[in-house]
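**Q** These are the residues of each chain, in order.
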Amino acid sequence: MNTDPMQDGFTLEDILRDTLESTYIDDAYYAKLRNDMQEWEGCGTVLNNEERHAYESLILHENWLLDRRAFEKWYQLYSRECVYWVPAVGDLPDAERADPQRQVTIAFDDRRRLGDRIVWLRTGVAYSQLPPSYTSHVSTAFVRLPSENAGEVKIRSQFLIQEMRAGHEIQTFSGWMGHVFIKEDGVTKIARKVVCLLDAPRNHHNLTFLL
Amino acid sequence: MSIQTSSPHFDHLIEAGRVHRTLYTDGDIFDLEMSRIFGGTWTFLAHASELPKPNDFVRKRLGKRPVIVTRDRDGNFHGLLNRCTHRGATICRHDEGNARRFTCPYHNWSFTNTGDLAAVPIEDGYGPAFDKQELGLGKLRVESYRGFIFGTFNTELPDLKTHLGPSAALLDEWLDRWPGAELQLRRGQTKFSCAGNWKLIYDNAADGYHPGYSHASLLRMRKDRYGGGVDMQWALGNVDEGLQTVSDCGNGGTFIDQRAEIKRFWDQSAPMPGESAYERVIKEKLGDKADAALDVVMGSGMNLNIFPNLLIIGNQIQVIEPQSVNKTHINWYATALVADDLPDEVNSLRMRLQEDFPSFGEPDDLANFEECQIGLEIEEVEWVQTGRHLDTGKEYIGAKGMLSGPVSDELPLRVFWKEWLKRIEQGNLGVAK
Chain A
1 MNTDPMQDGF
11 TLEDILRDTL
21 ESTYIDDAYY
31 AKLRNDMQEW
41 EGCGTVLNNE
51 ERHAYESLIL
61 HENWLLDRRA
71 FEKWYQLYSR
81 ECVYWVPAVG
91 DLPDAERADP
101 QRQVTIAFDD
111 RRRLGDRIVW
121 LRTGVAYSQL
131 PPSYTSHVST
141 AFVRLPSENA
151 GEVKIRSQFL
161 IQEMRAGHEI
171 QTFSGWMGHV
181 FIKEDGVTKI
191 ARKVVCLLDA
201 PRNHHNLTFL
211 L
Chain B
1 MSIQTSSPHF
11 DHLIEAGRVH
21 RTLYTDGDIF
31 DLEMSRIFGG
41 TWTFLAHASE
51 LPKPNDFVRK
61 RLGKRPVIVT
71 RDRDGNFHGL
81 LNRCTHRGAT
91 ICRHDEGNAR
101 RFTCPYHNWS
111 FTNTGDLAAV
121 PIEDGYGPAF
131 DKQELGLGKL
141 RVESYRGFIF
151 GTFNTELPDL
161 KTHLGPSAAL
171 LDEWLDRWPG
181 AELQLRRGQT
191 KFSCAGNWKL
201 IYDNAADGYH
211 PGYSHASLLR
221 MRKDRYGGGV
231 DMQWALGNVD
241 EGLQTVSDCG
251 NGGTFIDQRA
261 EIKRFWDQSA
271 PMPGESAYER
281 VIKEKLGDKA
291 DAALDVVMGS
301 GMNLNIFPNL
311 LIIGNQIQVI
321 EPQSVNKTHI
331 NWYATALVAD
341 DLPDEVNSLR
351 MRLQEDFPSF
361 GEPDDLANFE
371 ECQIGLEIEE
381 VEWVQTGRHL
391 DTGKEYIGAK
401 GMLSGPVSDE
411 LPLRVFWKEW
421 LKRIEQGNLG
431 VAK
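Chains A and B supply the protein sequences, listed in that same order.
Anchor point for the first sequence: position 129 equals 129 in UniProt numbering, and the numbering is continuous, going up by one each time.
Anchor point for the second sequence: position 308 equals 308 in UniProt numbering, and the numbering is continuous, going up by one each time.
The following block holds chain A by itself, in its conformation from the complex:
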């Protein structure tokens, strides 16, 4: 892995000082997401050793950071122009309903809103996270998808997430994820992550933790 996401020194203060503008979500960006949805449908190939080392490891590390509630370090895995997207619809992809430009989602965070989310989780008064959620992410079935975007690598995987909050029953979530990786300043970063929940169109009890 050519990045060191466990490095120290990235704190909530860094996030507070990070971008306060939202400049890159535009028609071209939404068009890219629509194209992604088509590409995720492709026939994937299992990862070779090099790809496992570069990408599967990073996804597994992402899972670990989330399970450790190391949100500040997790945030560092993402590129400067990134999105964390959880559609609210099932049967993906569907040309109209999967289009976040036309549809509301469970989460559609650009870098700024991702920062907002972490700052919000860290306020200590987000009562939906008192007590906090603890999660266990399991990812498997990693495949690489062909992509027409030069310089991008697309990895699809299946996931199982269990979430436990004291006083509440354990919740289980499953589905598939798509990760789009790019190189930024020589470091592999997540540019886009889509989390497609099996039960996305159903009513959810507290999805305030990160998937």
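None of the hints are false.
To give an idea of the chain B side of the interface with chain A (calculated C-beta under 8 Å), a few residues: (1) S217; (2) E275; (3) N368.
Pairs of lysine to any residue residues, derived as SDA-like cross-links and limited to a Cα-Cα distance of at most 20 Å, are as follows: (4) K327/B with T172/A; (5) K223/B with L12/A; (6) K191/B with G90/A; (7) K32/A with V281/B; (8) K32/A with A277/B; (9) K283/B with A28/A; (10) K191/B with D99/A; (11) K327/B with A166/A; (12) K64/B with R202/A; (13) K327/B with Y127/A; (14) K327/B with C372/B; (15) K223/B with D14/A; (16) K191/B with Y127/A; (17) K327/B with I170/A; (18) K394/B with Y209/B; (19) K223/B with T19/A; (20) K283/B with T23/A; (21) K327/B with N203/A; (22) K223/B with L20/A; (23) K191/B with A200/A; (24) K191/B with Q101/A; (25) K223/B with V125/A; (26) K53/B with R97/A; (27) K283/B with P179/B; (28) K191/B with H204/A; (29) K191/B with E163/A; (30) K223/B with E21/A; (31) K283/B with Y24/A.
No wet-lab data here; the hints were simulated from the structure.
Note that the Cβ used here is the ideal one computed from N, Cα and C, for glycine as well.
Keeping the supplied structure of chain A fixed, place chain B upon it in accordance with the hints.
**A** Then chain B, alone, in the frame of chain A:
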């Protein structure tokens, strides 16, 4: 205290400044609510934009009843009970679609989308007394106001617009923020599940007392990230000294007006992805009219609640769907505004803005409602307080002749319970014509 839920009398549970906890915890009371309140008054069913074309339908609930809302070939709306008159199976098993007829999958009895029984397989198996005209689907009385479709079993209620009273004019104000624009649903939903009684959600919908406290996380995050001036700052401090008001809209309807606190909607908006790019495009396209278009991206500054299940908040429509005495679904329908003179970039921003409060606001409220439900199970502490500003002399007759008060007034709770009592004691009006 023991509750005789077979008795139609509940007034001993509702006092001037407090109500009894069992109203939130008693399963028998819940069952009565589902038959007498949901459907016993004009109850929101669906929005016309969910079924835009002739023969479109959507599947909904009315209390615990499965219903189908249809648009017939002439454009008229119908509310049908989703229950085959033969042996009871639901006949519609899709959330939405387009159909002139619904055919029961069990024995293929077939009904028109206006509710008539159209065909029965091997009909000669029935004798001369068999009358298809008597075996149409159960039907609601249905009326709509500006696309909002309501249904009831109650034949004694006045027409919908009269029933809505001042809420109708407030709905006009909400809809006419961009004159001529059409409100469109089918833009996705944020669907919550809450382990609490449905009334905890309605109680909160016109509660101007809680935001500075229940939404401390949102307010603190905004301040730490963006400083002052952004979104919901009016919730801080002594809100009764601010410009917000609460009002009684009649028939259980309530209203919070925040608009006087908002000088420029766009400037005071919550942050949203795409803000800079689309602001630039909208200004390029609209010039002088751009400011007005950007303002309709943001929420309306209005919380209009129509008893018992429709909450219009910001730019969204929330529908309360009770599941059981201590479980409720709250469905937030995202909305778009469509007009020839309004660029669609406005809706690209509205989608993102309508994720903000469901992400950073509503979940904390739901957590508090669930903790209310837990606390209300304690038998030894019987009462819930509803008397704030009941006797402070701060209430007055305000706009549209509505009884109004400072924003932390618990007037909306008292309005709700007055209507609740009237409807729960009216007897079961469940007549499906």
